[in-house]
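Go ahead and model the full structure; you've got the sequences and the hints to work with.
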Amino acid sequence: MGFFSSLFRSKPTSASIAKERLKIVLAHERASNRAPDFLPVLQKELLAVVGRYVEISDDGIRVSLGAAGDTSTLEINIEIEGGKVKKGGSGPALSAAV
Amino acid sequence: MLAKVIVVTSGKGGVGKTTTSAALAAGLALRGHKTVVIDFDVGLRNLDLVMGCERRVVFDFINVINGDANLNQALIKDKRHDNLFIFPTSQTRDKNALKREGVERVMEELKQQFEYIICDSPAGIEHGAITALYFADSAIIVTNPEVSSVRDSDRIIGILASKSRRAERNEPAVEVHLLLTRYDAGRVAKGEMLAVDDVKEILSIPLLGVIPESESVLRASNTGTPVVFDEESPAGRAYIDAVARFLGEQREMRFLKAERRSFFRTLFGRA
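Protein sequences appear in the order of chains A and B.
Its first residue numbered 1, the first sequence is counted upward by one per residue in our numbering.
Its first residue numbered 99, the second sequence is counted upward by one per residue in our numbering.
These aren't lab readings, by the way, just hints derived from the structure by calculation.
From a predicted model like this one, the values you see are computed outputs, not experimental measurements.
Incorrect hints may have been included.
[Stated by the list, open to error] Using 27 Å as the maximum straight-line C-alpha spacing, the simulated DSSO-like pairs for lysine-lysine come out as follows: (1) K355(B) x K11(A); (2) K44(A) x K298(B); (3) K11(A) x K261(B); (4) K23(A) x K288(B); (5) K102(B) x K193(B); (6) K288(B) x K261(B); (7) K197(B) x K102(B); (8) K355(B) x K23(A); (9) K193(B) x K261(B); (10) K102(B) x K209(B); (11) K102(B) x K298(B); (12) K11(A) x K288(B); (13) K23(A) x K102(B); (14) K209(B) x K197(B); (15) K197(B) x K23(A); (16) K193(B) x K177(B).
The structure is reproduced here in structure tokens:
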């Protein structure tokens, strides 16, 4: 990089970096703070039930409540480790949206 | 007139809640309104020092809640202004001493005597902070132009919207106001500090005032004098403006531009 290009390329100020970081973290936190209290419990119970049939890790589950237009959605995403199915379990169910 | 309960809160510590509570209470008293300022920071009493009445504390908030003293025994009348009263808290380590029913009873009693009840909240989002904001009609969100303070303010705004009595009863929401403190216009101009418009945009609540970083704030707490009594100081003037806006007046925001100190002021003057 030449001397001139480094001279004219404006570097973001630390204040503008602070603003961008805050916008991102607060968008995320506002969404999760609005989530109802039962979600963590639901997540734990799902983990227990699904874990009986397929191999899943504790952080392989994501439960979130959303809204699109007039309908609310409960989205459950479960990652199965290596596609392993436990004995006696039925076929792998990967993702369900209700 | 119905008394108005105002909580001064922030989530984060050290941003200027007690300084603001003292200034706001004194400012409202100076404008002719009978005002009491209550310290909700049980175990870490400091409002008495900032108000300069630490040697006059006999009974406190917890004594009144427990019925060991009546309200008028615990209220301290300010020596500078007849309209101003201080209600100190207790130094007990029992954090649950602030029972909600007891606080409610005391609040109702205060509403009979005062126009404005200022609740100086402790930092954090624990029991004391929640109790301080629970009865509020208005909230002053004290925020520094700095990432952790803005984030915590956002959190406390969310808590006001869900955990206050108004929220629980489905009444009109607590009126929230942003008060930006320790603002350094010089650093903002250099891009080193979040600007007032940035903070306003991120938190999206109306702005009550901007208090410039000022030596007068430390001088005020050193001497136990609310900073509004120092009418010469930028911070004192900024608080007086904020009080006027709170009372519905239109006042232009001052101290948003970096002030050029004259050569002679730098040599001889004080900030």
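Against the structure, the hints:
Straight-line distance between C-alpha atoms of K355(B) and K11(A) comes to about 23 Å, which keeps the hinted pair within the 27 Å bound. Distance restraint check for K44(A) and K298(B): the Cα-Cα separation of roughly 38 Å exceeds the 27 Å cut-off, and the hinted pair is therefore not satisfied. For the suggested pair K11(A) and K261(B), the alpha carbons sit about 42 Å apart, so the restraint of at most 27 Å is broken. Between K23(A) and K288(B) the alpha-carbon distance is near 21 Å, which keeps this suggested pair within the 27 Å criterion.
The hinted pair formed by K102(B) and K193(B) meets the criterion: a straight-line CA distance of about 26 Å does not exceed 27 Å. Between K288(B) and K261(B) the alpha-carbon distance is near 39 Å, which puts this suggested pair outside the 27 Å criterion. Between K197(B) and K102(B) the alpha-carbon distance is near 21 Å, which keeps this suggested pair within the 27 Å criterion. Under the criterion of a C-alpha separation no larger than 27 Å, the hint pairing K355(B) with K23(A) is consistent with the structure, at around 25 Å.
Simply put, K193(B) and K261(B) have alpha-carbon atoms about 19 Å apart, close enough for the 27 Å limit, and the pair holds. At roughly 8 Å between alpha-carbon atoms, K102(B) and K209(B) fall within 27 Å of each other, so this suggested pair holds. With a C-alpha separation of about 25 Å, the suggested pairing of K102(B) with K298(B) holds against the 27 Å cut-off. For the hint linking K11(A) to K288(B), the alpha-carbon distance of about 13 Å falls within 27 Å, and the restraint holds.
The hinted pair formed by K23(A) and K102(B) fails the criterion: a straight-line CA distance of about 33 Å is larger than 27 Å. Taken as a hint, the K209(B) and K197(B) pair is honoured in the structure, with Cα atoms around 18 Å apart against an allowance of 27 Å. The hinted pair formed by K197(B) and K23(A) fails the criterion: a straight-line CA distance of about 37 Å is larger than 27 Å. Note on K193(B) and K177(B): the hinted pairing is violated, with a Cα-Cα distance of about 31 Å set against a maximum of 27 Å.
Of the numbered hints listed earlier, those contradicted by the structure are 2, 3, 6, 13, 15 and 16.
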